[in-house]
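> With chain F held as given, fit chain G onto it using these hints.
Number of protein chains: 2
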Amino acid sequence: MQFNQLLRERIRETDSLVCVGLDPDPDKVPAPLMDKPDSVYRFCKAIIEATSKFVLAYKPNLAFYESLGVEGWDILRRVIRLIPDGVLKIGDGKRGDIGSTAEKYAAALFDLGFDAVTVNPYLGRDSVAPFLKDETRGCFLLCLTSNPGSKDFQTLRAGGKLFYEHVAERAVSWNGNGNCGLVVGATHPAELRGVRKAAPDLPFLIPGVGAQGGDLEASVMEGTDGAGEMAVINSSRAILYASSGPDFADAAARETLKLKEAINAVRAQKKAKPA
Amino acid sequence: MQFNQLLRERIRETDSLVCVGLDPDPDKVPAPLMDKPDSVYRFCKAIIEATSKFVLAYKPNLAFYESLGVEGWDILRRVIRLIPDGVLKIGDGKRGDIGSTAEKYAAALFDLGFDAVTVNPYLGRDSVAPFLKDETRGCFLLCLTSNPGSKDFQTLRAGGKLFYEHVAERAVSWNGNGNCGLVVGATHPAELRGVRKAAPDLPFLIPGVGAQGGDLEASVMEGTDGAGEMAVINSSRAILYASSGPDFADAAARETLKLKEAINAVRAQKKAKPA
Chain F
1 MQFNQLLRER IRETDSLVCV GLDPDPDKVP APLMDKPDSV YRFCKAIIEA
51 TSKFVLAYKP NLAFYESLGV EGWDILRRVI RLIPDGVLKI GDGKRGDIGS
101 TAEKYAAALF DLGFDAVTVN PYLGRDSVAP FLKDETRGCF LLCLTSNPGS
151 KDFQTLRAGG KLFYEHVAER AVSWNGNGNC GLVVGATHPA ELRGVRKAAP
201 DLPFLIPGVG AQGGDLEASV MEGTDGAGEM AVINSSRAIL YASSGPDFAD
251 AAARETLKLK EAINAVRAQK KAKPA
Chain G
276 MQFNQLLRER IRETDSLVCV GLDPDPDKVP APLMDKPDSV YRFCKAIIEA
326 TSKFVLAYKP NLAFYESLGV EGWDILRRVI RLIPDGVLKI GDGKRGDIGS
376 TAEKYAAALF DLGFDAVTVN PYLGRDSVAP FLKDETRGCF LLCLTSNPGS
426 KDFQTLRAGG KLFYEHVAER AVSWNGNGNC GLVVGATHPA ELRGVRKAAP
476 DLPFLIPGVG AQGGDLEASV MEGTDGAGEM AVINSSRAIL YASSGPDFAD
526 AAARETLKLK EAINAVRAQK KAKPA
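Chain order of the listed sequences is F and G.
Just so we're aligned, residue 1 is where the first sequence starts under the numbering used here, counting upward by one.
Just so we're aligned, residue 276 is where the second sequence starts under the numbering used here, counting upward by one.
One chain only, chain F, in its complex shape (with noise of 0.2 Å):
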């Protein structure tokens, strides 16, 4: 099944759009696990146990594996495996190379067993051809992101359009797949509604809601499709860190049950609109 599909399926099933962030900092591990042997890994298995129940997917950032180093990695190998089967991962690195190259982050991203992945598209459409390939495989490109320097290349005006909707656009054209989606920032919610304009059907990666501030309404309300559906919507430090203590772990579920609640409210809200 191509990836778009199966996204709308998984969210069908899960009725969430919740995408919990697995971003583990080693200074920021609660409590009861600190200083514990594989800590990290503990600390991600005690999230995922947690709150898979309430989730359409899970998304490591590889940064936070990386910075880990040669342990990192077989670290991220084992919290993959950790994921229950119905709930959808993606890995996100924000790769992006010229083709020969990007063939090679394709396949170790796709071979830890991620079913989609984040893209970086500076480097134009070779460089995002490897990760299209495979129709099951989904990739998010990037479009408009959540942080500050959003604003330094992202926003400038080339032939009449912002740069990033130049991102969707082409987005659009690459998607012969059915497996090419955007990432788009929940802090620019006014620039949400463009963004879903020029790109109606395909699935919307959104951080931001959390620690960043972003508006989660109308992120929710802007950035599904029609349906209220296509949009993954991505929580990662509030839900992680919502206790420190021994209790890490049912806040982190509570935070989760309440951002899926949140978030389907509104999805109500818009069914229930005139469109």
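Hints are computed from structural coordinates only; laboratory data are not their basis.
These numbers come from a predicted model, not from an experiment.
We treat Cβ as the ideally placed atom computed from N, Cα and C, and that holds for glycine.
Do not rely on the hints blindly, as some may be mistaken.
[Stated by the list, open to error] Only some residues are given here: those of chain G computed to face chain F with a beta carbon under 8 Å:
| # | residue |
| --- | --- |
| 1 | 382 |
| 2 | 411 |
| 3 | 417 |
[Stated by the list, open to error] Quick list of in silico lysine to any residue cross-link-like pairs, SDA-like style, CA-CA up to 20 Å:
| # | chain 1 | residue 1 | chain 2 | residue 2 |
| --- | --- | --- | --- | --- |
| 4 | F | 151 | G | 438 |
| 5 | F | 151 | G | 434 |
| 6 | G | 408 | G | 450 |
| 7 | G | 436 | F | 36 |
| 8 | F | 28 | G | 447 |
| 9 | G | 364 | F | 70 |
| 10 | F | 53 | F | 254 |
| 11 | F | 36 | F | 245 |
| 12 | F | 270 | F | 227 |
| 13 | G | 436 | F | 157 |
| 14 | F | 89 | G | 344 |
| 15 | F | 133 | G | 544 |
| 16 | G | 546 | G | 501 |
| 17 | G | 364 | G | 411 |
| 18 | F | 273 | F | 189 |
| 19 | G | 426 | F | 163 |
| 20 | F | 161 | G | 433 |
| 21 | F | 161 | G | 431 |
| 22 | F | 151 | G | 382 |
| 23 | F | 161 | G | 289 |
| 24 | G | 426 | F | 89 |
| 25 | G | 303 | F | 157 |
[Stated by the list, open to error] Okay, the calculated bits of chain F under chain G, using three or more residues with CB under 8 Å as the criterion:
| # | region |
| --- | --- |
| 26 | 87 to 97 |
| 27 | 157 to 164 |
Just chain G now, kept in the frame of chain F:
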């Protein structure tokens, strides 16, 4: 010492602009090493031993190690240690993420021992800042890459300038610590002149002269600074796979020396020319 100054000193000490891309493909390891234990590491070791006296730098592309799984990161760590003192180590990962995550990537790569890294600028200033914080380490921003896809986004015209020219301009303004550089592909010799004009003092990392067919003479002429310095000219496949037989190391040495001499001949020509 600031990285860009260190680079200039190393160029003078080695009298070389040559960078060898350590991008080992396990399927292309020369016959004498193929199927031997630790063949990728031994291949890199033989290449480094054969070529190090002719080079300014080595540049491992991280994709080639990442695609080997957990073991690949261990190989990378050991390969970096083989590079002799006095030869620069450039980590080609093209990373780029929001500020807090970029700090993790910067720590991961500089802790591995790299003197400089390549970074994708698409996420803007806060995504680049962590790589520029330590003035002794260099950060080469992707500007105009060597691949066909470079025309998809990098050459869009915004506000009277091409997109990659905006990147070059920002790089100049972000060079407060004297450690920012640019990646400009040898497959665009005419454009190199414009980028050099926009960033007269920054070091350029210039890939694409070997297997990718870039124009060596124009790259050296246009890519070096006024003193015929501040360019790092990379060749990967043409050196690594100069021969697939038992003479592969000698063949790699020959190709490296040939490239060094060809580059230095153009530098001599440039110096002889009235400016």
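> State for each hint whether it applies.
Hints versus structure:
A hinted interface residue such as residue 382 of chain G counts as satisfied when its beta carbon comes closer than 8 Å to some beta carbon of chain F; here the least separation is about 5 Å, so the hint holds. The closest approach between the C-beta of residue 411 of chain G and any C-beta of chain F is roughly 19 Å, which is over the 8 Å cut-off, so the hint fails. With 8 Å as the threshold, the beta carbon of residue 417 of chain G comes within range of chain F, its nearest partner Cβ sitting at about 6 Å, so the hint holds. Note on residue 151 of chain F and residue 438 of chain G: the hinted pairing holds, with a Cα-Cα distance of about 14 Å set against a maximum of 20 Å.
Using a Cα cut-off of 20 Å, the hinted pair residue 151 of chain F and residue 434 of chain G holds, with the two alpha carbons roughly 15 Å apart. For the suggested pair residue 408 of chain G and residue 450 of chain G, the alpha carbons sit about 10 Å apart, so the restraint of at most 20 Å is met. A C-alpha spacing of about 54 Å is found between residue 436 of chain G and residue 36 of chain F, which places the hinted pair above 20 Å, so the restraint is violated. For the hint pairing residue 28 of chain F with residue 447 of chain G, the CA-to-CA distance comes to about 36 Å; that exceeds 20 Å, so the pair is violated.
Between residue 364 of chain G and residue 70 of chain F the CA atoms are separated by roughly 19 Å; this keeps the pair inside 20 Å, and the hint holds. Under the criterion of a C-alpha separation no larger than 20 Å, the hint pairing residue 53 of chain F with residue 254 of chain F is consistent with the structure, at around 12 Å. Proposed proximity of residue 36 of chain F and residue 245 of chain F is supported: the alpha carbons are some 15 Å apart, at most 20 Å. Restraint check: the Cα-Cα separation between residue 270 of chain F and residue 227 of chain F comes to about 9 Å, which is no more than 20 Å; the hinted pair holds.
Straight-line distance between C-alpha atoms of residue 436 of chain G and residue 157 of chain F comes to about 11 Å, which keeps the hinted pair within the 20 Å bound. Restraint check: the Cα-Cα separation between residue 89 of chain F and residue 344 of chain G comes to about 17 Å, which is no more than 20 Å; the hinted pair holds. Using a Cα cut-off of 20 Å, the hinted pair residue 133 of chain F and residue 544 of chain G is violated, with the two alpha carbons roughly 46 Å apart. The straight-line distance between the Cα atoms of residue 546 of chain G and residue 501 of chain G is roughly 9 Å, inside the 20 Å bound, and the hint therefore holds.
For a cut-off of 20 Å, the pair hint linking residue 364 of chain G to residue 411 of chain G stands: about 13 Å separates their Cα positions. Restraint check for residue 273 of chain F and residue 189 of chain F: the C-alpha separation of about 19 Å stays at or below 20 Å, so the hint holds. Between residue 426 of chain G and residue 163 of chain F the CA atoms are separated by roughly 14 Å; this keeps the pair inside 20 Å, and the hint holds. For a cut-off of 20 Å, the pair hint linking residue 161 of chain F to residue 433 of chain G stands: about 9 Å separates their Cα positions.
As the CA atoms of residue 161 of chain F and residue 431 of chain G are separated by approximately 10 Å, the hinted pair is consistent with the 20 Å bound. A C-alpha spacing of about 25 Å is found between residue 151 of chain F and residue 382 of chain G, which places the hinted pair above 20 Å, so the restraint is violated. In summary, the hint linking residue 161 of chain F to residue 289 of chain G is not supported, as the alpha carbons are separated by about 47 Å, beyond the 20 Å threshold. Distance restraint check for residue 426 of chain G and residue 89 of chain F: the Cα-Cα separation of roughly 32 Å exceeds the 20 Å cut-off, and the hinted pair is therefore not satisfied.
Between residue 303 of chain G and residue 157 of chain F, the direct Cα distance comes to roughly 44 Å. Violation of the 20 Å bound is thereby established for this hinted pair. Given a C-beta distance limit of less than 8 Å, the hint that chain G covers the region 87 to 97 of chain F holds, as 4 residues qualify and 3 suffice. Counting residues of the region 157 to 164 of chain F whose beta-carbon sits less than 8 Å from any beta-carbon of chain G gives 4, enough to reach three: the coverage restraint holds.
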